[in-house]
Amino acid sequence: MIKTQKPNSGAHIGAKTSVSKIMWQVVLALMPATAFGLWCFGWPALNLFIITVASALFFEAFCIRLSGRLAIPVLMDGSALLTGWLLAMTLPPFAPWWIGVVGSGLAIILGKQVYGGLGQNLFNPAMLARVALLISFPIEMTTFVDVSPLFFSHSPGFIDSFNITFAGLSPTDARVGATTLGYIKTEFSQHHLLSDILKDYSGTLNMIGWTRGSLGETSTVLLAFGGVWLLRQGIIQWFIPVSLLLTVALLASVFHLWDSEHYASPWLHLNSGALMCVAFFIATDYVTSPNTPAGQLVFGAGCGLLIYVIRTWGAYPEGAGFAVLLMNAATPLIDHYIHPRIYGRDRKGKPLEISKS
Amino acid sequence: MLSFFSKPRIQGGVHAEQHKDATAHQPIVYSFPLPKKLYIPLQQHVGKPAEPLIRVGDKVLKGQLLAYSQGMISAPVHAPSSGVIVDVNDYPAPHPSALPIRMIVLETDGNDEWVKLCPPEDPFLLEPEDISLRVGAAGIVGLGGATFPTAVKLNMGRENHIDTLIINGAECEPYLSCDDRLMQECAAQIIDGVRLMLHGMRTERAVVAIEDNKPAAYQAMQAAALPYPSIEVRQIPTRYPMGWDRQLIRYVTGKEVPVGCRSSEVGVTIHNVGTAQAVHKAIRLGQPLVSRVVTVSGGAVSKPMNVLVPLGTLISELFAYCQVDAAHTARIIMGGPMMGDALPHTGLPTVKATSGVLALSAPELKDSAEQPCIRCASCVTVCPAGLRPVDMANNIRINQLDVAVDLGLKDCISCGCCSYICPSNIPLVQYFKYASGAVAARQQAQHKSEQTKRLMDDRNARMERIARQQLEEEQARIAAKAERERLKAEQESVA
Ligand code: SF4
Ligand code: SF4
Numbered sequence: 001m002i003k004t005q006k007p008n009s010g011a012h013i014g015a016k017t018s019v020s021k022i023m024w025q026v027v028l029a030l031m032p033a034t035a036f037g038l039w040c041f042g043w044p045a046l047n048l049f050i051i052t053v054a055s056a057l058f059f060e061a062f063c064i065r066l067s068g069r070l071a072i073p074v075l076m077d078g079s080a081l082l083t084g085w086l087l088a089m090t091l092p093p094f095a096p097w098w099i100g101v102v103g104s105g106l107a108i109i110l111g112k113q114v115y116g117g118l119g120q121n122l123f124n125p126a127m128l129a130r131v132a133l134l135i136s137f138p139i140e141m142t143t144f145v146d147v148s149p150l151f152f153s154h155s156p157g158f159i160d161s162f163n164i165t166f167a168g169l170s171p172t173d174a175r176v177g178a179t180t181l182g183y184i185k186t187e188f189s190q191h192h193l194l195s196d197i198l199k200d201y202s203g204t205l206n207m208i209g210w211t212r213g214s215l216g217e218t219s220t221v222l223l224a225f226g227g228v229w230l231l232r233q234g235i236i237q238w239f240i241p242v243s244l245l246l247t248v249a250l251l252a253s254v255f256h257l258w259d260s261e262h263y264a265s266p267w268l269h270l271n272s273g274a275l276m277c278v279a280f281f282i283a284t285d286y287v288t289s290p291n292t293p294a295g296q297l298v299f300g301a302g303c304g305l306l307i308y309v310i311r312t313w314g315a316y317p318e319g320a321g322f323a324v325l326l327m328n329a330a331t332p333l334i335d336h337y338i339h340p341r342i343y344g345r346d347r348k349g350k351p352l353e354i355s356k357s
Numbered sequence: 001m002l003s004f005f006s007k008p009r010i011q012g013g014v015h016a017e018q019h020k021d022a023t024a025h026q027p028i029v030y031s032f033p034l035p036k037k038l039y040i041p042l043q044q045h046v047g048k049p050a051e052p053l054i055r056v057g058d059k060v061l062k063g064q065l066l067a068y069s070q071g072m073i074s075a076p077v078h079a080p081s082s083g084v085i086v087d088v089n090d091y092p093a094p095h096p097s098a099l100p101i102r103m104i105v106l107e108t109d110g111n112d113e114w115v116k117l118c119p120p121e122d123p124f125l126l127e128p129e130d131i132s133l134r135v136g137a138a139g140i141v142g143l144g145g146a147t148f149p150t151a152v153k154l155n156m157g158r159e160n161h162i163d164t165l166i167i168n169g170a171e172c173e174p175y176l177s178c179d180d181r182l183m184q185e186c187a188a189q190i191i192d193g194v195r196l197m198l199h200g201m202r203t204e205r206a207v208v209a210i211e212d213n214k215p216a217a218y219q220a221m222q223a224a225a226l227p228y229p230s231i232e233v234r235q236i237p238t239r240y241p242m243g244w245d246r247q248l249i250r251y252v253t254g255k256e257v258p259v260g261c262r263s264s265e266v267g268v269t270i271h272n273v274g275t276a277q278a279v280h281k282a283i284r285l286g287q288p289l290v291s292r293v294v295t296v297s298g299g300a301v302s303k304p305m306n307v308l309v310p311l312g313t314l315i316s317e318l319f320a321y322c323q324v325d326a327a328h329t330a331r332i333i334m335g336g337p338m339m340g341d342a343l344p345h346t347g348l349p350t351v352k353a354t355s356g357v358l359a360l361s362a363p364e365l366k367d368s369a370e371q372p373c374i375r376c377a378s379c380v381t382v383c384p385a386g387l388r389p390v391d392m393a394n395n396i397r398i399n400q401l402d403v404a405v406d407l408g409l410k411d412c413i414s415c416g417c418c419s420y421i422c423p424s425n426i427p428l429v430q431y432f433k434y435a436s437g438a439v440a441a442r443q444q445a446q447h448k449s450e451q452t453k454r455l456m457d458d459r460n461a462r463m464e465r466i467a468r469q470q471l472e473e474e475q476a477r478i479a480a481k482a483e484r485e486r487l488k489a490e491q492e493s494v495a
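Heads up: the protein sequence lines correspond to chains Y and H, in order.
Counting from 1, one number per residue, gives the positions in the first sequence under my numbering.
Counting from 1, one number per residue, gives the positions in the second sequence under my numbering.
Among the hints, erroneous ones may be present.
Stated by the list, open to error - DSSO-like mimics (lysine-lysine), calculated; alpha carbons at most 30 angstroms apart, straight line: (1) H:Lys36 with H:Lys410; (2) H:Lys37 with H:Lys116; (3) Y:Lys348 with H:Lys36; (4) H:Lys433 with H:Lys448; (5) H:Lys433 with Y:Lys16; (6) Y:Lys185 with Y:Lys199; (7) H:Lys410 with Y:Lys348; (8) Y:Lys16 with H:Lys410; (9) H:Lys59 with H:Lys116; (10) H:Lys116 with H:Lys48; (11) H:Lys20 with H:Lys303; (12) H:Lys366 with H:Lys303; (13) Y:Lys348 with H:Lys116; (14) H:Lys410 with H:Lys453; (15) H:Lys20 with Y:Lys21; (16) H:Lys255 with H:Lys433; (17) H:Lys366 with H:Lys20; (18) Y:Lys16 with H:Lys366; (19) H:Lys453 with H:Lys488; (20) H:Lys448 with Y:Lys350; (21) H:Lys366 with H:Lys433; (22) Y:Lys350 with H:Lys433; (23) Y:Lys21 with H:Lys366; (24) Y:Lys350 with H:Lys410; (25) H:Lys410 with H:Lys255; (26) H:Lys36 with Y:Lys350; (27) H:Lys116 with H:Lys36; (28) H:Lys303 with H:Lys48; (29) H:Lys48 with H:Lys59; (30) Y:Lys16 with H:Lys303; (31) H:Lys303 with H:Lys37; (32) Y:Lys21 with H:Lys433; (33) H:Lys20 with Y:Lys16; (34) H:Lys366 with H:Lys48.
Unchecked claim - Stretch by stretch, here's where chain Y covers chain H in the computed footprint (C-beta under 8 angstroms, at least three residues): (35) 340-350; (36) 384-397.
Derived by calculation from the structure, the hints in this document are not laboratory data.
Quick reminder that beta carbons are idealized off the backbone N, C-alpha and C, glycines included.
Work out the full structure: start from the sequences and follow the hints.
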């Protein structure tokens, strides 16, 4: 007679997925855009990136130890790595080291662990940290350098990079400024017209990512590539990215057609700032987005709407962070009202009428 | 446009790895050696257990009635072989708990001698009611695993004037292939059984639905059904749980069965292919249900196969025949790996519901290291019943059973899709079974306390009434005494 232990019910076999596999695939999808960003902005960006990710892991381990659990197995799920990674991608590449550390601390401790850890948080940790940093340290968070790729003569060298990251010395020959969206915003306030403002703007360079911007958010095409790969892998569903991008594009088209001197074109919107990164990697965060396709469509459209509104009429040039946080707060509500219909019941949960035809 | 919206569609479900090849390409084995002892549970069906009418020591022949059905929903039990009854007692049931249930133990004599069978000359001359009676008397129950008495279903179908009989040949559970083999090898018998069931329900149309991963079975069935225009053989997409009756009904007819209704109320009845073959045998040959084809498969089985076994055969004997490697057996499962129950050991009998017995090795099992839910919503996407497993589980975890019930706990069919897909390995179905059990227990307790309260109230009322009566009697007595004294005083004063 053969005996086995642990009799239980339910599916005895399972799909070959796990939390860490999902996280690693997201990291893999971020890889091209990250690598490109690191190359574009050189050693200081690499310093900042490593510091941010390492401190995210450190804070996670610290919190886990504090709750009396073993840190290694939890770190292995890859979620802290991903949070740190996403946060680093949204920081200005030449930001000082403490921006990364404070940001990671905010993301991991305030954004995630105080809620009870993985899966319990209401807000996307990376976006929470980014928005908190932006409000607290507006100068550091809005100083963007020109592209200064690795191994180019005018770029900061390995030694210079330590001065930039750790001593806070501003790069001597690197030119600093605002992103395209920020530049448009300041120019508007001086009553310039779009056709003047965008004299030097190149859509193609923006699409590739050869422009001022956050560490890993500049390359529209590489981010979109990673996102589409995630879609194909079945890690994310198309509902959020498509509805988000479509909403922004639609709104931008309508206003651009109406007054092309005061409203930027959809092309510029899709190509700028954090839009691609948010659409594919941030808004699709499982924990903080709705559970159903319809809910996800609403969520994506809401994000898109808020992003456009904040970009166009708000005080900040980029509204992605705020938009995502606001919609995160609405997620429980969306899930409460939009849910699947139970078989044999109507939407209100009452049994169906018998239809004998 | 309208037809686009009302088009039958499939909700949820998963593409599980099939694992059917190990058994689906070899013929059913009919040479299983007759076991020395058979353990025949009195309850192998939904409803009331059968009542034994034999005594220990009785000699019985194969197919002889051992226990008769009692009540509206029940099924009789017959001797799977000839021999002597050696015990009627409690033995461990083929259930995860292995709690003892009543069984008849038959010691076989090796002759396997049938009782005298008396099939009708032409069953199509029988009254439809007669078909149900014979099917009921043969102890046939749904062989797909639901084990609802078939005769009762036939009657319901006839009384509700259903328009479509669906024959479920989906066999969507991984590993199992007994229905596939039956359709390939016994298509004519199955189709005959379908015709008999149509006759028994006075129904004109039958649809045999077969998943498109079984092309051989589809061809065999189509060929067998060719002469009968009332029977349509149709391929359906392969997607677990396509064999869930309500999913299949919606896919085939476009109708949705309301919660709390039987499928016959929307004009459809669904039977399994194995059941159709059993009906054929019962009516054409007069044979009651005494054996069934069982899939024995899994990573620890050296010779996986589909094999015809007498009911009551111990799983240990089945495993010995199929050379199951005990050292590699991590879990024993009765039924399929999605919905089946894990059995604690192999000393348990096969029953009418046993479509398969699996001996799975450790690498085949789902990883059990549980991680926090990441709200990935995969479970919501795959749930065929349209539930939100993640929300139900969260509420069960904090013991909010009422909220879980509001979310649809009672509509969960335990299909296992959510557990299958969950990347965090959360045993969702286990949660739901636990919660359903707890809710039922609580309702029972509530019922009981209400009962007790009523009894107490009754008693109090009775006591009060008695006390009141006593008081009234006392007062009456006092009044009578006073009256008597008054009369006496009057008499005295008169005197
Ligand atoms: S599948 Fe598992 S991890 Fe995903 S939402 Fe459902 S319970 Fe949570
Ligand atoms: S077991 Fe229940 S909750 Fe899970 S998928 Fe099946 S019906 Fe839905």
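Structure-based check of each hint:
no.	hint	in the structure
1	H:Lys36 with H:Lys410	43 angstroms, violated
2	H:Lys37 with H:Lys116	23 angstroms, holds
3	Y:Lys348 with H:Lys36	57 angstroms, violated
4	H:Lys433 with H:Lys448	22 angstroms, holds
5	H:Lys433 with Y:Lys16	24 angstroms, holds
6	Y:Lys185 with Y:Lys199	15 angstroms, holds
7	H:Lys410 with Y:Lys348	16 angstroms, holds
8	Y:Lys16 with H:Lys410	29 angstroms, holds
9	H:Lys59 with H:Lys116	15 angstroms, holds
10	H:Lys116 with H:Lys48	28 angstroms, holds
11	H:Lys20 with H:Lys303	14 angstroms, holds
12	H:Lys366 with H:Lys303	23 angstroms, holds
13	Y:Lys348 with H:Lys116	58 angstroms, violated
14	H:Lys410 with H:Lys453	28 angstroms, holds
15	H:Lys20 with Y:Lys21	27 angstroms, holds
16	H:Lys255 with H:Lys433	28 angstroms, holds
17	H:Lys366 with H:Lys20	18 angstroms, holds
18	Y:Lys16 with H:Lys366	8 angstroms, holds
19	H:Lys453 with H:Lys488	51 angstroms, violated
20	H:Lys448 with Y:Lys350	28 angstroms, holds
21	H:Lys366 with H:Lys433	18 angstroms, holds
22	Y:Lys350 with H:Lys433	23 angstroms, holds
23	Y:Lys21 with H:Lys366	15 angstroms, holds
24	Y:Lys350 with H:Lys410	13 angstroms, holds
25	H:Lys410 with H:Lys255	21 angstroms, holds
26	H:Lys36 with Y:Lys350	54 angstroms, violated
27	H:Lys116 with H:Lys36	23 angstroms, holds
28	H:Lys303 with H:Lys48	37 angstroms, violated
29	H:Lys48 with H:Lys59	26 angstroms, holds
30	Y:Lys16 with H:Lys303	26 angstroms, holds
31	H:Lys303 with H:Lys37	23 angstroms, holds
32	Y:Lys21 with H:Lys433	29 angstroms, holds
33	H:Lys20 with Y:Lys16	18 angstroms, holds
34	H:Lys366 with H:Lys48	35 angstroms, violated
35	340-350	holds (count 8)
36	384-397	holds (count 7)
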